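S.K.: Using the sequences and the accompanying hints, generate a full structural model.
Here the protein sequences line up with chains A and B, keeping their order. Sequential numbering from 1 applies to the first sequence in my numbering. Sequential numbering from 1001 applies to the second sequence in my numbering.
These are calculated hints, taken from the structure and not from any lab test. Note that the structure is a prediction, hence the values are computed from the model and not measured. No false leads were slipped in.
Have a look at the derived ranges for each label pair, beta carbon to beta carbon:
| hint | chain 1 | residue 1 | chain 2 | residue 2 | range |
| --- | --- | --- | --- | --- | --- |
| 1 | A | Val-181 | B | Gly-1069 | 35 to 41 Å |
| 2 | A | Arg-94 | B | Gly-1137 | 15 to 21 Å |
| 3 | B | Ala-1109 | A | Phe-49 | 45 to 51 Å |
| 4 | B | Thr-1084 | A | Gly-285 | 47 to 53 Å |
| 5 | B | Gln-1024 | A | His-96 | 28 to 34 Å |
| 6 | B | Gly-1090 | A | Leu-192 | 34 to 40 Å |
| 7 | A | His-96 | B | Lys-1131 | 15 to 21 Å |
| 8 | A | Arg-94 | B | Arg-1208 | 32 to 38 Å |
| 9 | B | Thr-1134 | A | Val-181 | 28 to 34 Å |
| 10 | A | Pro-180 | B | Phe-1012 | 30 to 36 Å |
| 11 | B | Thr-1134 | A | Arg-264 | 43 to 49 Å |
| 12 | A | Met-56 | B | Lys-1131 | 37 to 43 Å |
| 13 | A | Arg-264 | B | Ala-1244 | 49 to 55 Å |
| 14 | A | Trp-149 | B | Gly-1126 | 50 to 56 Å |
Ideal Cβ positions, reconstructed from N, Cα and C, are used throughout, including at glycine.
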Amino acid sequence: MTAAQAPATSRPSPAVRRPGLATGRLLRLELRHNAMPWMVPVAVALFWFITYRKSMALPPLWNVRAVTLQSGAVVDFATPVVGAAAWMGSRDGRRHITDLVAVAARPRWARQLATWAATTCWAMVAYLGCAAILYGVTARQAAWGGPLWWPAAVAAASLPAFSALGFAAGWFFPSRFTTPVVAIAAFFVLALTTQPIRGSQSYWQVSPLVAYPWDIGPEPGVATFYRYVPDLSIAQLMLVAGLTMAALGALGLPAGSGDRWLRRSAAAITAAGLLAAGTAVALAGTGRLDAHGMIAIPALHDAAIDHPIRYHPVCSHGPIPVCLNPAYTVYLPAVAAALEPVLSQVARLPGAPVRISQAAATYRQGPGNMVGIEVAGPLLSGRPPVFHLLLPDQLLGPTLTVSQLAAQVRSSAGPDIVAGVIGGGTGGRVSQAQQAVTAALSAAGGDLPGHASRGTSPGRTGAGTPCGQCVANKVSGRLAPGTPVFDAAVRFAALPAAARHAWLAAHLPALRAGRIALAQLP
Amino acid sequence: MNVEISDLTRKFGRTLAVAGVDLQTGPGVFGLLGPNGAGKTSLLRMMATVIPPSSGRLCLLGRDPGSYGPRREIRRRLGYLPQTLGYYPGFTVAEFVEYFALLKETPPARVPAAVAAAVERVELGGQAKAKLRTLSGGMLRRVGIAQAIVSEPELLLLDEPTAGLDPEQRVQFRGLLREIGQRATVVVSTHLVEDIGAACTEVALMDRGKIVFHGTPDELTARGAGYGVGDAPLERGYSAVLAAARS
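M.R.: Rendered as structure tokens:
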């Protein structure tokens, strides 16, 4: 073909073309005739059954709810969004309308982007609605803190990526079977991305499903005492943005998508997207579990956010007040009640803590998937001494009910409090007398879960009289029956509380120094 | 000339669908006749810029569609109705026509009036809000014609436009073609010679990828004088030319 010189007919050039208005009209048509609205109820139902109900079963802590939102919403929306986008992407091929749209003046890429944008808009509206409800309910329930936006942003940014990938699959393979195949594939690919995660330096944790160190799960203590570290979120945003760009750019690569400039732009966008996605994966591989339970990526980390969050603790009233982070206000009555029997045993003794104060957990990545979680420093420290309490739901394990949490506090913190007061003897060794007194006080304080009876102190009858057999049962949980230490512990625990307290007040310094022999115990 | 074609060929693998076609035409209604497999649709698809030619020269509306910029300008001024009309079943008549008006980059301010006019011209004003999935085959064909004319094209390419239309609609459609042909070039590919006789000012007959006749309908009719195959004079001319070309 050769170029001709002048138009044969002379129609005046069309009136001013306003691309924005035309694109708006096109988008309106695509929004009206999109497959995604049919999938919105499916996505919302999945969100309700999987994410919302699970979130509501968790403590009303912003961090827990936010990370659950990210992981859950990504799973809930991935399949419907990918499926709907693939259906829309394959529309022209399925409807045998390719010839008709091929002669359109508007570049094919622009038309495709309008269809993709409409699909993504519907998905985004549905997600934002779900997230708003979840955060709204959390705002009403949470005692302290505010919403975490990074996890919500990662989930939101994942939707355009899913939509773009599904749309591209539908466009390049326009068959009615493409939709179910890519929808199912999306689910399994997402699920499989978390399987290879080993430790905190895994490249796979860049998966948008991962909102927290995968080995320890959604930790209530994380991002409560320290600010949320967004390093992993930033890497994930880079990944999903890169995938979005790569998929959308790929649509503009084939001949007929537009002019040379437009196709070069598409190629540049594709390359930039792939680069961003690759960089994100590489960055995620350099992540490490920080001391506060979050993934820090050195290249992205801002050390300025590592300072602890200031808060005014909420405290119980009693001889030894129990103080918790205000986010845990709902647990305060249960925790205080659980510790009260133990605290009453040691209150006003020399060296007893003046306050039980909730502490932040310190996390340490071990080999493989092992993670160590503990309190930094001694449990009992300071002048006057303060006992640092780590709540059980800051540790590994399933979410606890309030009563389960109280029972665990009693069994884990109770003996620690007693041991902190009684001491470990000289040279770090625990004398037999210390063992006996610790066991006796712990038993008297009801540290053994399952042995406590409602309305009565463990080891006592309903009338408050020491019960010898009950005390023996309690002590037998800590010491081997029949040994001199056991006998001494039973004997000491069977004393009236006032007598025990009086003896300890008089002999505690000697007992702590290891100068009291077993036989000297009353 | 709105259409200037010289030595145009198109191959699909080893099959030569269009074999060195020369054609020039200006405003008016141009009929493209020929038996099945003659190459009419391939020629029309090249003229519609759906497929590029294998060789030869193609100039549409004074522009070379081989480059993107001129091709885009041609497409703005082009209307095309393919032989098989695909459609989006969920769209209404008006929405479908509006969609293609927007794809043809019709100025947005003109779109509503252009859509309404196009729908009225194919006698579908009463069904403007009907979903395409509810329409009959003939109505869908008229929707296809409406989308082809919505941007007031300077070059209108119609592949079997009257297939599925009832006699009354075909008569009305011919009137529409004559009206559009007064200011634009309309190329109609059809098997129905009566459409050619009633609406076209020029006609070309294709066979085996080549144009074997180019003239007016009257000239084609004259070729059939004394030839016995065919019920109507134009059909006899059609048959006579084909027989001569194949002999």
